[in-house]
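K.L.:
Required output: the full structure, derived from the provided sequences and hints.
Residue numbers (our numbering), protein chains in the order written: chain A, 6 to 440; chain B, 6 to 440.
For the record, the hints were derived by calculation from the structure and aren't laboratory data. Note that beta-carbon positions come from the ideal geometry of N, C-alpha and C, so glycine has one too. Incorrect hints may have been included.
[Claimed, not checked] Computed footprint of chain A on chain B, listed as stretches where at least three residues anywhere in the stretch have a Cβ under 8 Å from a Cβ of chain A: (1) 216-223; (2) 262-269; (3) 398-408; (4) 417-430.
In case you want the letters, here they are:
Protein chains: 2
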Amino acid sequence: MTLADSIDASTATQSTGEDVSVVMADIGRRARAAAAILAQASSEAKDIALRGAAAAIRANAEPILDANARDLDAAKAKGLRDSLIDRLLLDADRLESVAAGLEAIADLPDPVGTVMAEWSRPNGLGFQRVRTPLGVIGIIYEARPNVTADAGGLCLKAGNAAILRGGSESFHSSRAIIDALHAGLRNAGLPVDAILQVPTTDRAAVSALLTMPEYIDVIVPRGGRSLIERVQNESRVPVFAHLEGLCHVYLDRAADPDKAVAIAVNAKMRRTSVCGAAETLLVDRAVAAELLPRVATALSDAGCALRGDEAARALVPSMDAANEEDWSTEYLDAILSVAVVDGVDGAIAHIGRWGSHHTDSIVTENTDTAERFLAEVDSAIVLHNASTQFADGGEFGMGAEIGISTGRLHARGPVGTEQLTSFKYLVRGNGQTRP
Amino acid sequence: MTLADSIDASTATQSTGEDVSVVMADIGRRARAAAAILAQASSEAKDIALRGAAAAIRANAEPILDANARDLDAAKAKGLRDSLIDRLLLDADRLESVAAGLEAIADLPDPVGTVMAEWSRPNGLGFQRVRTPLGVIGIIYEARPNVTADAGGLCLKAGNAAILRGGSESFHSSRAIIDALHAGLRNAGLPVDAILQVPTTDRAAVSALLTMPEYIDVIVPRGGRSLIERVQNESRVPVFAHLEGLCHVYLDRAADPDKAVAIAVNAKMRRTSVCGAAETLLVDRAVAAELLPRVATALSDAGCALRGDEAARALVPSMDAANEEDWSTEYLDAILSVAVVDGVDGAIAHIGRWGSHHTDSIVTENTDTAERFLAEVDSAIVLHNASTQFADGGEFGMGAEIGISTGRLHARGPVGTEQLTSFKYLVRGNGQTRP
Numbered sequence: 006m007t008l009a010d011s012i013d014a015s016t017a018t019q020s021t022g023e024d025v026s027v028v029m030a031d032i033g034r035r036a037r038a039a040a041a042i043l044a045q046a047s048s049e050a051k052d053i054a055l056r057g058a059a060a061a062i063r064a065n066a067e068p069i070l071d072a073n074a075r076d077l078d079a080a081k082a083k084g085l086r087d088s089l090i091d092r093l094l095l096d097a098d099r100l101e102s103v104a105a106g107l108e109a110i111a112d113l114p115d116p117v118g119t120v121m122a123e124w125s126r127p128n129g130l131g132f133q134r135v136r137t138p139l140g141v142i143g144i145i146y147e148a149r150p151n152v153t154a155d156a157g158g159l160c161l162k163a164g165n166a167a168i169l170r171g172g173s174e175s176f177h178s179s180r181a182i183i184d185a186l187h188a189g190l191r192n193a194g195l196p197v198d199a200i201l202q203v204p205t206t207d208r209a210a211v212s213a214l215l216t217m218p219e220y221i222d223v224i225v226p227r228g229g230r231s232l233i234e235r236v237q238n239e240s241r242v243p244v245f246a247h248l249e250g251l252c253h254v255y256l257d258r259a260a261d262p263d264k265a266v267a268i269a270v271n272a273k274m275r276r277t278s279v280c281g282a283a284e285t286l287l288v289d290r291a292v293a294a295e296l297l298p299r300v301a302t303a304l305s306d307a308g309c310a311l312r313g314d315e316a317a318r319a320l321v322p323s324m325d326a327a328n329e330e331d332w333s334t335e336y337l338d339a340i341l342s343v344a345v346v347d348g349v350d351g352a353i354a355h356i357g358r359w360g361s362h363h364t365d366s367i368v369t370e371n372t373d374t375a376e377r378f379l380a381e382v383d384s385a386i387v388l389h390n391a392s393t394q395f396a397d398g399g400e401f402g403m404g405a406e407i408g409i410s411t412g413r414l415h416a417r418g419p420v421g422t423e424q425l426t427s428f429k430y431l432v433r434g435n436g437q438t439r440p
Numbered sequence: 006m007t008l009a010d011s012i013d014a015s016t017a018t019q020s021t022g023e024d025v026s027v028v029m030a031d032i033g034r035r036a037r038a039a040a041a042i043l044a045q046a047s048s049e050a051k052d053i054a055l056r057g058a059a060a061a062i063r064a065n066a067e068p069i070l071d072a073n074a075r076d077l078d079a080a081k082a083k084g085l086r087d088s089l090i091d092r093l094l095l096d097a098d099r100l101e102s103v104a105a106g107l108e109a110i111a112d113l114p115d116p117v118g119t120v121m122a123e124w125s126r127p128n129g130l131g132f133q134r135v136r137t138p139l140g141v142i143g144i145i146y147e148a149r150p151n152v153t154a155d156a157g158g159l160c161l162k163a164g165n166a167a168i169l170r171g172g173s174e175s176f177h178s179s180r181a182i183i184d185a186l187h188a189g190l191r192n193a194g195l196p197v198d199a200i201l202q203v204p205t206t207d208r209a210a211v212s213a214l215l216t217m218p219e220y221i222d223v224i225v226p227r228g229g230r231s232l233i234e235r236v237q238n239e240s241r242v243p244v245f246a247h248l249e250g251l252c253h254v255y256l257d258r259a260a261d262p263d264k265a266v267a268i269a270v271n272a273k274m275r276r277t278s279v280c281g282a283a284e285t286l287l288v289d290r291a292v293a294a295e296l297l298p299r300v301a302t303a304l305s306d307a308g309c310a311l312r313g314d315e316a317a318r319a320l321v322p323s324m325d326a327a328n329e330e331d332w333s334t335e336y337l338d339a340i341l342s343v344a345v346v347d348g349v350d351g352a353i354a355h356i357g358r359w360g361s362h363h364t365d366s367i368v369t370e371n372t373d374t375a376e377r378f379l380a381e382v383d384s385a386i387v388l389h390n391a392s393t394q395f396a397d398g399g400e401f402g403m404g405a406e407i408g409i410s411t412g413r414l415h416a417r418g419p420v421g422t423e424q425l426t427s428f429k430y431l432v433r434g435n436g437q438t439r440p
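P.N.:
Structure follows, in structure tokens:
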């Protein structure tokens, strides 16, 4: 009996490092083998698997919710925070949206095989650049059972095998959802090893994931700063970094005041817990005296606490004082730091110094100023006269996404099915040799 | 006086690890600052810099050749192999082609700012995906002075700062060429820190390059397997891997015999030292008896030594015996390993087991068989009825390249100016907030 077999679903065990590396190498080998089959799978087969998984989730709602109840009991006994409990919670509605999410992924176009570019050369050679799967993707994420289905489904759609390592508090919920994903794969005649759950909650399993470049092609970490830093320090496998979203809204001297108020309030308060929520408001000194009090009142009325620099507090004395740490804090809460800056140059400099290359927005009616901001702010997403809360693959029209990458390599911005692919060159000739 | 200043061009020093890390951090900071300026530089300014560098190379031919003579003397005294001496050697013709290469890069289109995709959404938001520079690129390469100009020029064209670490035997030649690149940058009003040479031949400098993710965005290693493996093991910075080219030519049962001969001979013998040179010939068992003797004779006549498996030697007894190591050996010489395989499935399996995901070719008149090979061989470049020696950015119509990437992330195949860019999303609205 292997360790993997010995882990009973009711007792996710802590095991020794050596055991873990054996288990993980086995997982890696199985995923690699499944990836080779999945890479050649038809769009039809993958979509049958996704729809079958959705059906299995609906058919198995009871055991999935039972598994979730077990996770919830343990989490409550451990005294987990309410916001984390809420992320962990599944109910009939949430489970239905997990199933519907898988069907929505099935409805997306298959990126694999898409011809990205096509040309020929004077010697008659025909060239195509064609999308291919990436291979095996390791995903490390929080205790959110819905991510198990989303991430597994997106990887499957793009022809990749996935190794999923969700937060330990969601272990049984994730396992139950993976059972449904496996039912879908079986239904389509695809290998169940295409979606594998790390079979232990031992943290050593994460280290193993990060050091198996022979089995894993890319790691997608989702989570807080400490997880991301650990992954970036330890990983021998390439990483699609999903850093925090230190998003800025800059109100320029040429801002339309009504748009400024609407965008500042929406960017911060629509949902404070998403990575595209604004964390810092920058206001042009040239209009701060007239604009900032009005914007501050609207934010306060919406329930937002403000922390300002000296110049901001001189205009809105009710603000708390911001210290340097505030400029680099992702509150994910109804708190906003506020700085007065010297025009667009000051805004670009502030974002360059403190931003996380995620999403930033300028509010201005001056197109030249807007274009400078768009060109010079080095972030995955830069907006003009729109809320930072549009930082979302669905809002981009890309469909579901695993997250927003803040790195510059391969995937930047929303990571959806296309970003989970690679490509290769196909060259067709009729006997050409090189002179 | 810093260590960097203290390194006289006549005596590239070995220095202590600590000194090196101080020097390298300084190099990294300067490159990062230059990259921010370069990212906003106009196409005109970059092209003026490239043409100015070409002019400076021509104007300074004498000091560059003097520096090269010093490197050559030292290399000969060290007893360097003739093939390596030849790579190191500059003369008037080679220097002219280095200068012309920089002008050819100037003639390429500027990738930065190119709109890769554009769309809008029902809410009126307009989206653009626009190419941006990657940032700072560290390039570790052999003692080839021409690569200093090619790599520096390509990085500059794509708006990136480059940190160049060539083989220590070419230190003075590279430094003299970098002086010319700096003259071009100065001429264009661009920061000379945009192209920096690692100012020491100490191997600790390579370790420093690999562990400065805060200053370097990607490492491009060129060289033998041991360098690539060291880089992949040590690097905390993403790597565009340029593994060896274990390229295959597969002669299918439906191969046109004339094409088979021409492609096999060209793929191996046109130039044996390039990464796109074939290293293994696979022959379909169904036609081996008629085809292999003819192909083997043509290869032998062209001066190629053959090492065959048992079945191949049964047909061509003059072949040496191949052992298992031959299937994974990049000879870069007039040697070819030969295996008889069971049709296209056997060829795909052999390449999957032994290939390096670089470049592989099938010779067949059967389109279905060809398409299966193109789809199932997991290599950067897969050809039908054409020589593997077309694995070259110039032959693809992409212009100059740093090398052929065998990785699946970001850059795969020829790495030219486009592959040295990233992208970002620009979103233009008129006050949109997210419901």
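K.L.:
Hint by hint, say whether it matches the structure.
P.N.:
Taking the hints in turn, this is what the structure says about them:
Given as covered by chain A, the segment 216-223 of chain B passes the check, having 3 residues with a CB less than 8 Å from a CB of that chain where 3 are the minimum. Judged by the Cβ-Cβ criterion of 8 Å, the segment 262-269 of chain B is covered by chain A as claimed, because 4 of its residues qualify and three suffice. Look at the segment 398-408 of chain B against chain A: 3 of its residues bring a Cβ nearer than 8 Å to a Cβ of that chain, three or more, so the hint holds. Check result for the segment 417-430 of chain B against chain A: holds, 6 residues qualifying (beta carbon to beta carbon below 8 Å, three or more required).
Against the hints set out earlier in the document, no violation occurs for any number.
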